[in-house]
Every structure is written in structure tokens, then in C-alpha cells.
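Number of protein chains: 2
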Amino acid sequence: METTAPPYPQTGRNVPTRARERAAYDRATVHAILDGGYVCHLGYVRDGAPVVLPTLYARSGETLYLHGSTGSRPLRGADPGVAVCVTVTHVDGLVLARSAFHHSINYRSVVVQGTAYQVTDPREKAAALDVLVDHVVPGRAADSRPANAKELAATAVLRLELAEVSAKLRTGGPNDEPEDAQLPHWSGVIPVATGYGAPIPAADQAAETPLPDYLKPGAPRGAA
Amino acid sequence: METTAPPYPQTGRNVPTRARERAAYDRATVHAILDGGYVCHLGYVRDGAPVVLPTLYARSGETLYLHGSTGSRPLRGADPGVAVCVTVTHVDGLVLARSAFHHSINYRSVVVQGTAYQVTDPREKAAALDVLVDHVVPGRAADSRPANAKELAATAVLRLELAEVSAKLRTGGPNDEPEDAQLPHWSGVIPVATGYGAPIPAADQAAETPLPDYLKPGAPRGAA
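As given, the protein sequences belong to chains A and B, one line each in that order. Per our numbering, the very first residue in the first sequence carries number 1140; after that it's consecutive. Per our numbering, the very first residue in the second sequence carries number 1140; after that it's consecutive.
Excised from the complex, chain A in its bound form (with noise of 0.2 angstroms):
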């Protein structure tokens, strides 16, 4: 149902100014980028100049979950509303041209901007924890104790809707000029990908306690 629906719309600050042909701007594109990532750059402006700050994050349909500590900057002042601008980036590979300028990187990134505001009704933000923390390991949530009171109030959600989105990709390999094909150089692409080592138990884990499924090899994964 999703991929059916019409994609962002093109504002004045969401269309790139170079290599538009690399931009995208539909739903499911949007939502694979985002949704294979849990680690976003959060940008807001302090005094009057940018802050970026690496976040975690989670999707939920159009809206979009950070999570913060109620002492950290950007979530200040975040009601009535705090400007930021999320991008998550993902590295595919890296890309070797014959000639310097054509070097590359193969990356697909979301960049959304908008208008955060803090989650201050309970349930809503015990649900986008449960979000954040499945949107990591898929099938944690259930598998750990959920927030008390206290710690429900130490923590901070901030949600942003999906209005103002593009994606940027570059795939494929290098685009050497015509005239440098014969260069000896060695030219083409070294896949870049994000893994997951074997789980590591905590030193006062209980012997007997089982690796769960949902941490097994194979297991649905984001990239960082």
C-alpha cells in the first residue's frame, strides 16, 4: 500500500542543486534507506550555528522517532517545535576511476527536514521506545523489561514527520572520460557493506541463558 502512495513532494529546499539525476523523491525508496539504519545525523542550529549530532532513530509509516536523554540540547525547547534536518546515509562502495576527479562513493541517503516536537504523551512514547528499540534488533522489545515510570521520564522522543524528504543514490561504476579508458589504472568499484560479529555475552550473564533467535546468524539486521 505504501509503494502506491504519491511520492514527497519537490519543495524549494529538497531538490539538489547538483546531480539532481540522483535524486528521489518516491515512498518506498525513502523507506527502504531509512528503514535499513538506526543511526542518524541530527542537525539543529544553536545560537545561530549547526550542531550535528549522531542520533538513533526508528520509522513508524510517515513519522519519524529520534531518540535523546531529556538533558540533551536539541530536545530543549523542543515544544512547542525545533528545526532540524535528519540525514542517514548508507556507504555501498567505493568507487575507482582512472582519473582523480571521477572518484566516487556508491551511497544511498535520506535527508528530512522539518519541525521536531517532543512525545509527551505516555503511550505514544512507550510505543516509540518499543519501535526504536525493534527497529535495532527486531524482536528485542519483547525480549527485554520494559521502561518503568522513572525511566519512561528520563528519556526523551522526539517525532518528525516524512513531509519534506528526498533520497540521493549512486550506483554502478566509475564514469571515466572516453579519452582515459586506456590509462593502466585499475578502475572499478570495492563493495562496502556494514557486519555484525558474534554476539558477545555480558560478564555476569547467567551460563545457561540461550542466544535468542532473533540474534542467531541470518537474523533481519539494519546496516548501521
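These are calculated hints, taken from the structure and not from any lab test. Since this is a predicted model, take the numbers as computed values, not measurements. A hint or two may mislead.
What the hints assert, rightly or not - Residues from chain B that face chain A, not an exhaustive set, calculated with beta carbons under 7 angstroms:
# : residue
1 : 1222
2 : 1248
3 : 1341
C-beta atoms are modelled at their ideal positions from N, C-alpha and C, and glycine is treated no differently.
Based on the hints, put chain B in the right spot on chain A.
Only chain B this time, still in chain A's reference frame:
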């Protein structure tokens, strides 16, 4: 020599408001985090709103070089300088606690704030582009066709001094509440790392072109 230099000064802007015990200001830590990546998230302010874009970078001493096209938005008007925030983040692990609240991410990040300037001197620009290429793939700059005058003119490089800088790190296992230690949920860390696949030659690569040593398995390479 670098490691005996004094740490970056703590200012009103680069001391985190939370988890201060995770902050670091020594140059060796900051340099290692910067040198371990090549895609930063560059934040700037446009019409009063924050913008965050993935951008290629490389460090040279106490200077950060940022790559862009002369048509890209952050660089317009970057002379006499534009206020930026450059953030580099490596995700090292997913931290699964018994409680949802204590779930976390092991990471290393650096935040650089300051004013970025266009590199206008052609020799510094050419040298900076070599640094950028060699930062992504050490040894590559010497094994590719250097940029010609037209390509150099179409490329923009920003320089940002490492002056207002902080690192933030989280390592180790989950910090569960003592009363949660007996809960049956598996807890521990899932390591996360960037991996590189086998090089894919360009479609028009001559069959006899050898893979250079710097692209063979085990050659030094940063994380994305």
C-alpha cells in the same frame, strides 16, 4: 609528536550536557576517529534552518579538508567563510541490556565546530584532493590521472581547522540495574564493523590490468 600535543580546549560549545564521562579531547583519540572514516555529516545553516549532508573528508595535520562541487549549496558564499559542524561517527556495537532503558550503542564520534573556508590556492587544492583520495584508498592518488585545470576548477574543497573539537565514545557491555541481573533476557554486545567485498572491475577494464597491491585483502582502509 602529535600525541604529546595539548588536548583540544573545552569550550562552552563542545562539552556535552550529558554522559560527560564519555567525552574526550586528546588529539590522539580525535585523530584516530577522524582517520578511521571518510564520510562525515556536514551541517550548516541555510535560511535559518539546519542542513546536514554526507560529505567526503580527510585530515591533514590539524586541518580537515571537505570535498564538494562548486555548485553545491554549502560552498556558495563559503568565502569569507561559513559556520559548519562536521560530525564523524563509527558504530562499533549494539548493546543489549536486560532492560529496554539501558539498551545502547557502542560508538566513537567526533564533532568539529568552526568556520570553513574555500581552498582557493590551486596548489593547496590539488594537494588536498590527493589527501582526500589517499584517505579513502591509501596509495590511490599516485595511481590515477591527476585532475586537469578544468576539473580542478569544477571541484571545491573546504578547509576547517581542528580547534573546537570533541570526541565521544561508548565501549563495553550493558550497564544493567543490579536488580535486573537475574532477568532471563540475553544481554551483551553484538559487534558491528565495516567490511569490504572483493573489488569489481569496471565493465570496460582491460583484462590484463592487474589489481594493485593497495587494493588486495589486508591493505589498510578506514571504515565508512
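We went through each hint and held it up to the structure:
Taken as an interface hint, residue 1222(B) checks out: its beta carbon lies about 5 angstroms from the nearest beta carbon of chain A, inside 7 angstroms. Taking 7 angstroms as the C-beta contact cut-off toward chain A, the hint placing residue 1248(B) at the interface holds, the least distance being around 5 angstroms. The closest approach between the C-beta of residue 1341(B) and any C-beta of chain A is roughly 4 angstroms, which is under the 7 angstroms cut-off, so the hint is satisfied.
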